[in-house]
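Trainee: Make the full structure from the sequences, and use the hints.
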Amino acid sequence: MKDATQQWLNFAEIDLRTCEKLLGDDLLTSVVAFHSQQVVEKCFKAIIEEQSLQLARIHTLARLFGLIQNSIPFKVDTALLQKLDTVYTTSRYPGDFGLLPEGKPTNEFAIQLYEFAKYIYKHTNEIIV
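Okay, so the sequence shown: first residue is 1187 according to the numbering used here, each after it adds one.
Incorrect hints may appear among the rest.
With a cut-off of at most 25 Å between alpha-carbon atoms, the simulated DSS-like pairs for lysine-lysine come out as follows [as the list claims (entries may be wrong)]:
(1) 1304 - 1207
(2) 1308 - 1261
(3) 1290 - 1207
(4) 1188 - 1290
(5) 1304 - 1188
(6) 1304 - 1290
(7) 1207 - 1308
(8) 1261 - 1304
Source of the hints: derived by calculation from the structure; they are not laboratory data.
Mentor: Structural data, given as structure tokens:
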């Protein structure tokens, strides 16, 4: 594994562990959503790095996924991917950190986003090792 790939995975693990610490707190569901998006982005970038693809400075999960979708053996829920993309976009504007278009995520939906991020992280580690 390339050193840069490992760094991406290390950063993804930090975001994943942040989610784990915050799960269940209704006040922090938007933070869980944001860090879930970050896990997926960093995992996709780890795969791109490991495959020696051109790593553009983009954050759109759909675009990153488009670069790797034909080379990964696991399924990706594109509907959740699109939801997570909206989390990142809104986080760049004050007052919208980690919000979805319909507002603050429920605790149940934050857990769903976390589980999706954990799934991506697990499978990314399996294919890169």
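Trainee: State the violated hints by number, sorted upward, taking the hints as numbered earlier in the document.
Mentor: 4
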